[in-house]
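Participant: Below are the chains, spelled out letter by letter.
Protein chains: 2
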Amino acid sequence: MSLKHAILGFLSYKPLSGYDLKKAFDNSVRHFWPADQSQIYRTLAQLTAEGLVERAADGEGPRDRHPYHITATGLSELRQWLVASSPPQDDRNPFLIKVFFAATLGGGEALALLAEHRAAIREQASLFTGLYQQMLTLREAAPNPEVFFFSMLTLEYVLSLAPGYLRWLDSAIDRLERGDYTPADLSEHLAGGLR
Amino acid sequence: MSLKHAILGFLSYKPLSGYDLKKAFDNSVRHFWPADQSQIYRTLAQLTAEGLVERAADGEGPRDRHPYHITATGLSELRQWLVASSPPQDDRNPFLIKVFFAATLGGGEALALLAEHRAAIREQASLFTGLYQQMLTLREAAPNPEVFFFSMLTLEYVLSLAPGYLRWLDSAIDRLERGDYTPADLSEHLAGGLR
DNA sequence: GTTTATTATATGACTAATCACATATGACTA
DNA sequence: TAGTCATATGTGATTAGTCATATAATAAAC
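Chains as they are written, first to last, in our numbering: chain S, 3 to 197; chain E, 3 to 197.
Just so you know, these hints were derived from the structure itself, not from any lab. Fair warning: there could be bad hints in the mix.
Copies of the same chain are indistinguishable here, so a pair counts whether it falls within one copy or spans any two.
[What the hints assert, rightly or not] In silico EDC-like pairs for lysine to aspartate or glutamate, Cα to Cα no more than 20 angstroms straight-line:
id : residue 1 : residue 2
1  : K24       : D92
2  : K16       : E111
3  : K6        : D38
4  : K16       : D176
5  : K16       : D28
6  : K24       : D93
7  : K25       : D92
8  : K24       : E56
9  : K6        : D22
10 : K16       : D66
11 : K6        : E118
12 : K6        : E56
13 : K25       : D66
14 : K25       : D187
15 : K24       : D38
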């Protein structure tokens, strides 16, 4: 139900149409919540039925745009959701399934699997680094420092995970190359990191 | 379509019933691919229709168990999937949506949001650490070193991400406590980690 | 003046997964 | 011997999301 609340979040800033919302998602949260256009419209219909948003007077433009604004009920629903607890969810990871069953592959193929993934992760990390640096230059243009801060936090999140991800891949690839099928010694890693 | 391939993966070791598969998932991959019992049965039916698995002679036990074995087609489908490329997927993260819209909360509430999540992540990390250490003791009992190695790799993955995750939370909480809404300086972090 | 891109909203078909529930037997236990 | 637990397979209803496609006007490009 997060799309629902993300829409409420955007509408809490100002009224937007479905089309505007799609652009808002693409411009700011697509790296952790890609939103499908048709799903946005369906969710808007559902939110309207629940009385959390309302369709304002139809606007100008081709194909009549329909801006929505958040209701008082919608605002309180948003607040409630924001402060509710967020247990870490189990994110399904198809790549880890491949890793798990990589034992059924030849050693070379398993290596290729990991190496290719490392290349993709590196590329993704450098994309996010670029995005981060680009965002930094927009600091002055931000509506207010809090909004900018939390927006940057979500990018920092992605970038914070990258080094650990890549070190894991490096270590796995290194062991596979040496034909060394021993588990990593994580003792100092864990002692240092999890305190 | 990963559940499908995960099932093929398990069946590539030996024939299993739906019930067996559910236990196999719960015992080994639930931390990155929780499998719903009813979905396992539905997927088995689908795999059967596609000719990737076959229902063996009904077995003993209460309520007739139905073991499935993988076909030659199924094996080649599994291999093909394993060696296909795995682009990093966009994992939806509801917590990041909360962070993104935390600017609409009071500072204290935003802090509580992050602090509570940090506690949950710490607990999860220590759970996985325990699981990792417990798994280590089973090394001798493993069917073969490769299977054990790749199984451990999936746990190493989770544990590799934890320190970065927690450092991100620490840094965000620290800045919020000081009322310091400046973005983090990630220059050395990135320089060191992404090479 | 015709094509093309952009704006803008929507439905239909499908897929993966979740949740609740129905069913039924063998084995143990109070 | 009654109750409960573990074994074991399934269906129905619903949800969230994806993909393809339909529609249509306006503005710009050629």
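Participant: Confirm or reject each hint.
Facilitator: Structure-based check of each hint:
no. : hint       : verdict
1   : K24 / D92  : between (27 angstroms within a copy, 17 angstroms between copies)
2   : K16 / E111 : neither (52 angstroms within a copy, 22 angstroms between copies)
3   : K6 / D38   : within (12 angstroms within a copy, 24 angstroms between copies)
4   : K16 / D176 : neither (51 angstroms within a copy, 30 angstroms between copies)
5   : K16 / D28  : within (17 angstroms within a copy, 45 angstroms between copies)
6   : K24 / D93  : between (24 angstroms within a copy, 18 angstroms between copies)
7   : K25 / D92  : between (28 angstroms within a copy, 18 angstroms between copies)
8   : K24 / E56  : within (18 angstroms within a copy, 45 angstroms between copies)
9   : K6 / D22   : within (15 angstroms within a copy, 37 angstroms between copies)
10  : K16 / D66  : within (19 angstroms within a copy, 60 angstroms between copies)
11  : K6 / E118  : neither (35 angstroms within a copy, 23 angstroms between copies)
12  : K6 / E56   : within (14 angstroms within a copy, 42 angstroms between copies)
13  : K25 / D66  : within (17 angstroms within a copy, 54 angstroms between copies)
14  : K25 / D187 : neither (46 angstroms within a copy, 28 angstroms between copies)
15  : K24 / D38  : within (8 angstroms within a copy, 32 angstroms between copies)
Going down the numbered hints, you'll see the structure goes against 2, 4, 11, 14, while the others check out.
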